[in-house]
Amino acid sequence: MFSLIYRRVSVLRLALFIAGYVWMLVIPSSQLNRGVYFDENALQPGQVNTYWNWKEVRDADVFLEQLERLRDSNATSEQRSQFLMNEFLKIGLSASTQSYEFTGIHKVINGTNAYAILSSPRVSGAEATVISASWLSRTNEGDGTLNLRGVATVLALSKFVKGYSLWARDIIFVISDGYMEGMQAWLSAYHGAPQSNLYAQSLELTSGVIWTAINIDYPGHSLSHLGIFHEGLNGRLPNQDLLNSFQYISRRTGVPVVIYDHKEEDSQLNWLPSSMQNHHEIKTYAAQARNLWRHVGFQASGRGSGVHGLFHQYRIDAFTMFALPASGPHGFHSLGRIIESTMRTTNNLLERLHASFFFYVLTNSDRFVKIGNFLPSAILISVAMMFGGLHVWVDAAWVWTNVTKGEMKEDEKKSVENKRLEPQPTATPHTAMVWVRRKRSVLDVLFIMIGTHIFGASTFFVLSSRWYNTVSFGPVVLFAVAYALPLVLRQLISQPQDHLAVSSLAPAHLVLKAFNLCLSSTVISIITVLNFSLAACLAVALGIPLSTSSPSSHKVVSLVKYSAYIVLGFGWILLGETTKRVIWNWDILGVWLLPFLCIVYFPLMLQAALVCII
Amino acid sequence: MKGIYEGGVFRHSPLYIPVNYLRLPFLFNLFGEDFLSAALYTGVDVFAAYALVRIWTARQRKQTLSSESTESKSSLLIIIYTLNPLIILPSLARSTSSVDNAVLLTAICLACEWSTSEVASPAHKETEVSSPSLTDKVDQATPPFALGALFFLALRTHLSIDALILVPPMFMLIFSSPASRLRRPGPFKYAQKYDRPYSFLRQDFVEISLFILLWTALAALTLPSLTPNPGVWWYFFTEMFDHFRPFFLMVFSLHLLLYVAPICIKFQHDPLYSIFILIGILATLKPYPTLSDHGLFVGMWVVMSEVHPYLRHPLPTLLTLLHSSLLQPLFAHLWLTHGTGNANFYYASTLVGACAGGLGIVDSIWAGLRIAVEKGESRNEALEEKEVVTQQ
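These protein sequence lines are chains X and C, in that order. Each residue of the first sequence is one higher than the last, beginning at 0 in numbering that gives the first Met the number 0. Each residue of the second sequence is one higher than the last, beginning at 0 in numbering that gives the first Met the number 0.
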């Protein structure tokens, strides 16, 4: 069987690669996904009569008016939080403020959060639910649009829930300052997880373990749809039952639910012939592919899709209800009823949401792909790379050479494992084709690989250092160094060109390529369970390029190849704003993308680049 | 050690208690507890690496090797042992398994020293510091090296009972030689260095057995704690109905003993090799394994350098080990902190680890037997052809 695999390994690899990539393309199709369902029977979504009514809408309108006055008077965050705290106190909740300061690499960020806690009227308050709104809306990832209606909704809700005694857990209302950073400070103070560059005032009021959190984002005047944003930091996802209950309740209330802010759009298919444009399957595919693309962007970059993403790091299921700005037909009335019903659904839970409902890909608000239907795509590519690596490893050991009969005796003495003599019909009488076994210099190659990873780690320290981010030409210099240093080292460490040794020693580039492929395959298959989107991106970025790396006899060609790999591996630091954002995410929010790129991804590419020039 | 175990129930040898209270006031004030325990564990690991090197030199003594390559090989061995994450991480966690490893390696090392000291030529005088005085009164008392080996073996067995299965091959090692005889298999050869083996056995082993019986905490035999660990036992026993527990406890424990006789008989010509195989079996199948057990197996694997060319699939084995050692922390994290995975995830990753161990053991047995065949009929066509295909 082994021999069969060995002989067909090239075909097998190609088949696996094609299967993997095709599978990836098929994920958005409606064949692989299925309708959502509830796994946790305790949730009972939408089984209650809601009490939110026009009186509460009136409250929200009054709060909104006051907030608008605050906005127009250019109130500082200090004044805003004081106002919010006073409103909470007037309602009769215990409330407080928390000021914080991030001394980030780029600039100092400070602000003040306001929060209030409603103690559970029924039980001792060992668990809590958070209803939050950030001051800045997530529109364009916090471009400065204010989330006034979201904040007004939270204030009105706090007044509303105070009047009912059906809450089985504490309800915490948080109005966080800024976009992401306010909630990061609040959560790290709540959970006692200090961050070296953050000064956060400790919280005067605390409650129990937070199970669920709902973040409300309502930037427009009215809303037409409610959007679900669910990706957390570092690719974490909330339990799917929470999202399912929300979308079920919302639909029952009469507000259509979409995923992200994607309304149905037909214009994107204009380039297709009209008969295909209206084909149901193609339309669904296009819509779901768009959703999936957005999902991969959020999950692979690990930055999360909004304030809710910060909760996931403390094992809290959270999502953002995004009210799509429109001129109608819904407003505070529908939104309040949906939130109330969702809160009462989570109120039914006796334990944390726990069923294995964490591994999914939402392709639409009511469709999802199960783990078994998307995971194999990346795994297949990783297996193909593994086979490639093992194949190169075997190739490195054996060479099919032509030796003359006279030399053979000597050769035999030289390499003890001189294998399988086969008289070849084509060979001249004095020569024979021989499988000669070569020694593979494992240790040298391992040292090279460890060296590349250490080099990657040092670039990470440079990138996340303060002085790097103050000089404007930093990226160019760092890229130049990363480009030139391996070349210079290559020149300095000249290998002994001993022909006698060469014939019995496998070329280092083959061994390096074998190990590089095996390591990348391991990295991809392990990351699939942690962050599938990242694994899929890696499978695309590493799969084919690493498998095709090879040195060339032409010096120029190999140099071009080397440059291509370096650009693929490290070119991202030249991207200006994007890179700055990645660094900011690591610095303030602790997103792992930056260290991952530097310490894992770049060295793997660098190894492939070294294969070309060794 | 104190900080880690304070307040919890733990089932270790009472010998660790004095270590905890061994607070040299002066040093303690000067360096602080953290530094002292770090220094202690560093020392233990370095000592274990030194013992490993001594084992390697003892094994290689008969083979023709230039001193330069021996030198570089020893430093490589030290690097591989001390910088191995499987060894470093348990030491950082202040696991007692680092001490267990050091004690076991010392026992093997002393046994090797003893068995080489007698047959050694004057050229290797540096290793026999105390043996000249011993040779003349060899029949009166057990020689210190062998006694030391026995003492450390007993200590190791006392610290963790699983070393019991290493007792037979250790005795074989003491009575024979650590040099590699894999190429020349044959019946067990008793090296004539001790006149009355039976009295030796009777006196010392009985004394040492008493020591074991008096002191050993039999935790490993009753499996009281089912806290998840890298082994394969805990999950079975959490899933099992209670009334089956004694039966399966017996089956699992006896199952470990099954390996001793076949391995010792098959590798009777090279007891050190059977110790190596049994260490691998222990690392894979014992009730409370730690990472450092796998680390010890890897370290011993490096010592057995002569079989490396005959391994069939070293790279797949190492890759499986790499997968399991990356998956284990990941799945533990997904299960315990992230909350998205569950125990099945972690158990799956430990099974991958067990597969890696199994592959390593099977491959090592294969290579240990193959090396003899290869030497005898080096141009066996049929085997060669197979080798070409399967060699990876």
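Please keep in mind that the hints were generated in silico from the structure rather than gathered at the bench. Quick reminder that beta carbons are idealized off the backbone N, C-alpha and C, glycines included. Check before you lean on any hint, since a few could be wrong.
Chain C stretches covered by chain X per the calculated footprint, using a threshold of three residues with CB under 8 Å from any CB of chain X [stated by the list, open to error]:
1. 309 to 322
2. 325 to 337
Only pairs whose alpha carbons sit at most 25 Å apart, straight line, appear in this in silico SDA-like list of lysine to any residue [said to hold, decoys possible]:
3. X:K438 x C:W365
4. C:K265 x C:R311
5. X:K106 x X:N372
6. X:K438 x C:K265
7. X:K438 x C:S304
8. X:K438 x C:S71
| query | Which of the stated hints cannot be reconciled with the structure, identified by number in ascending sequence? | reply | 5 and 6
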